[in-house]
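Visitor: Keeping the supplied structure of chain H fixed, place chain L upon it in accordance with the hints.
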Amino acid sequence: MSIDIFQEKVLPASDKLFRFASRLLENEEDARDIVQEVMLKMWKNSSLIHRYQNVEAWCMQIAKNLCLDKLKAGKVRENSKTEIMKAQAVTESITPYQQLEHQDQQRLVGSIMNALPEKQKMAVQLRDIEGFSYKEIADILEIDMNEVKVNIFRARKTLKENLLKINVYGL
Amino acid sequence: MDYSEVKILVEKYWNGDTDLEEEARLKQFFEKHSGPLPDDLKETAGLFGYFKEERKRGMNDAGFEAAISNMMRQPPEQRGRVVGFGRKLWKYAAAIIILLTAGYFVIKQPQTTGKDQAALTLDTYTDPDSAFAATKAALALVSANLNKGKNGMQKIALFDEAQQKVSEK
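Chains H and L, in that order, give the protein sequences. The numbering used here numbers the first residue of the first sequence as 1 and each following residue consecutively. The numbering used here numbers the first residue of the second sequence as 1001 and each following residue consecutively.
Here are the simulated lysine-lysine pairs, DSS-like style, with alpha carbons at most 27 Å apart:
| hint | chain 1 | residue 1 | chain 2 | residue 2 |
| --- | --- | --- | --- | --- |
| 1 | H | LYS157 | L | LYS1012 |
| 2 | L | LYS1012 | H | LYS135 |
| 3 | H | LYS119 | L | LYS1056 |
| 4 | H | LYS165 | L | LYS1007 |
| 5 | L | LYS1027 | L | LYS1042 |
| 6 | H | LYS157 | L | LYS1007 |
| 7 | H | LYS160 | H | LYS135 |
| 8 | L | LYS1052 | H | LYS135 |
| 9 | H | LYS41 | L | LYS1056 |
| 10 | H | LYS160 | L | LYS1012 |
| 11 | H | LYS157 | L | LYS1032 |
| 12 | H | LYS121 | H | LYS149 |
| 13 | L | LYS1032 | H | LYS165 |
| 14 | H | LYS149 | L | LYS1056 |
| 15 | H | LYS165 | L | LYS1052 |
| 16 | L | LYS1052 | H | LYS160 |
| 17 | L | LYS1032 | L | LYS1052 |
| 18 | L | LYS1012 | H | LYS119 |
| 19 | L | LYS1042 | H | LYS160 |
| 20 | L | LYS1027 | H | LYS160 |
| 21 | H | LYS121 | H | LYS157 |
| 22 | L | LYS1042 | H | LYS157 |
| 23 | L | LYS1027 | H | LYS157 |
| 24 | H | LYS44 | L | LYS1091 |
| 25 | H | LYS119 | L | LYS1027 |
| 26 | H | LYS9 | H | LYS70 |
| 27 | H | LYS41 | H | LYS121 |
| 28 | H | LYS160 | H | LYS149 |
| 29 | H | LYS121 | L | LYS1042 |
| 30 | L | LYS1012 | H | LYS121 |
| 31 | L | LYS1052 | L | LYS1042 |
| 32 | H | LYS70 | H | LYS121 |
| 33 | L | LYS1052 | H | LYS121 |
DEER-style ranges, computed between Cβ atoms:
| hint | chain 1 | residue 1 | chain 2 | residue 2 | range |
| --- | --- | --- | --- | --- | --- |
| 34 | L | LYS1012 | H | ALA115 | 23 to 33 Å |
| 35 | H | LYS72 | L | ALA1095 | 39 to 49 Å |
| 36 | H | GLN7 | L | LYS1056 | 17 to 27 Å |
| 37 | L | ALA1095 | H | ILE3 | 32 to 42 Å |
| 38 | H | MET145 | L | SER1069 | 34 to 44 Å |
| 39 | H | LYS157 | L | PRO1075 | 44 to 54 Å |
| 40 | L | ARG1055 | H | LYS135 | 18 to 28 Å |
Calculated from the structure, these hints are not laboratory results. Since the model is a prediction, treat every value here as computed from it, not as a measurement. Note that the Cβ used here is the ideal one computed from N, Cα and C, for glycine as well.
Chain H extracted, bound-state conformation (with noise of 0.2 Å):
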């Protein structure tokens, strides 16, 4: 049944499918208005989800795809100043010897994470908060595996260097 296979394998994926959103828009209120659209497109077309193999992936696609649209229309909602500043005022202050608060270190990483090139953002969200395999995210984001091993690897390559400027310590 449609309505089964949606309930198991479509709805299960909104949280996935809000942090993808969250990191591409950077805005959690325009993530939760496409979580809502993929939702509503996948609930329609119920009668052809049986014909995919990974449903999970299908519907990373059309967010992906959505989030897109949404960027180039520029149409995505400004982050709140208060965030920005926050993470500015703590790039400010620190010194090699200080160690991070924890909230301090996870908007840190974040911001450093969101000013990757689009392509690597959302190559390392998918690999490494969200456990995809090259496969499936050359599936999600339409490349093909060679571009995904690239984008990973200079993703993380600007990760080391950032990490290693600001000193951050294990948690």
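Guide: Just chain L now, kept in the frame of chain H:
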């Protein structure tokens, strides 16, 4: 997993060479490890810590859940069947149009008009004797004209002979 093993995996990780199983082992190591870490593992620990916290983030939105429940009360559209029928209908329509067009051209033979028919039957005879007489007359006319041409040709040959004699001298 000891530090030497971890460092090998970490090196692989930064080079983008780890598979999912190796990354899972690294995640487990950093999650379970307590106490200080060697300096060269601190950046990796920090990053893995960030990823772990990120994974905990969810929608946690009662409004979203209500919206989804409401959506699921509407039956999903049976688009699959409707689209399939629509596509088949176009195929059948196209096939019928092709057959009708082909049939039209097959059935429609080129029709000769009254004028063309008259031209086709002109200069023909139904009676064999009169046909033979007409043929004989036509051939005689051709041979007479051929002989006229022959006299002209003889005069040209004489002139050509004279020219040759002049050029020899």
